[in-house]
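**Q** Sequence:
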Amino acid sequence: MDIISQLHEQVNEMAMLAVNTFGTLQRDAPPVRLSNNYPDPLNPAAAAAAANPNTDDPAAQTQPQPGAAPAQSTQAQPAQAPPALDLDEHPKAVSHALVLPAKKFDALVAALPLSSEEDQLKRIKELQAENGVVGLELQKQLEAAELELKQVEVLFNEATDNCINLKKPD
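Quick note on the UniProt record's numbering: the sequence shown kicks off at 1 and runs consecutively.
Keep in mind that a hint or two might mislead.
Said to hold, decoys possible - Computed cross-link-like contacts, DSSO-like style, restricted to lysine-lysine with a CA-CA straight-line distance of at most 30 Å: (1) K103 / K92; (2) K140 / K150; (3) K122 / K140; (4) K92 / K104; (5) K140 / K125.
Calculated from the structure, these hints are not laboratory results.
Throw the hints in and build the complete structure from the sequences for me.
**A** Rendered as structure tokens:
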């Protein structure tokens with residue numbers, strides 16, 4: 001495989017890793033408090049207390065009313081959640097996974113031949129001359145193939161005429 005194809009594969013791999021990383025972080029990152037004016041997303045009790053400033057004792061809200069039936073849990077036990085993502089280690093692992101193809105990409109770029117514009121123009125002229133020689137050879141082979149095709153068509157027509165007319169071949 002040539003270097004350009006390998007570079008293309010490395011760019012695709014890095015793009016895939018970046019997309020997967022951003023998606024994973026978007027999905028698994030904990031909520032962040034944007035301002036003190038908003039309730040804390042990690043502490044819903046404080047958010048409820050902030051929403052109801054009239055109650056002085058949050059424990060009084062959870063006490064059952066006298067004479068009320070005890071609350072029954074109608075929901076089944078929740079299924080076990082998948083293991084939480086270690087947000088301290090995940091960026092390191094993802095960074096490592098992204099750096100490896102980036103280093104390989106850099107190595108491939110370093111392996112590309114360096115040449116000046118004159119060298120490139122000279123190489124283009126050489127390739128065009130080589131292309132002309134190969135084109136002439138192909139043209140000769142095409143003409144030979146067309147000549148052979150005409151000969152085969154003539155022989156085929158003679159054979160079909162002999163079969164139709166029930167003649168013996170010469």
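**Q** State for each hint whether it applies.
**A** Against the structure, the hints:
no.: 1; hint: K103 / K92; in the structure: holds, 16 Å
no.: 2; hint: K140 / K150; in the structure: holds, 16 Å
no.: 3; hint: K122 / K140; in the structure: holds, 28 Å
no.: 4; hint: K92 / K104; in the structure: holds, 19 Å
no.: 5; hint: K140 / K125; in the structure: holds, 23 Å
Consistency with the previously given hints is maintained throughout, with no hint failing.
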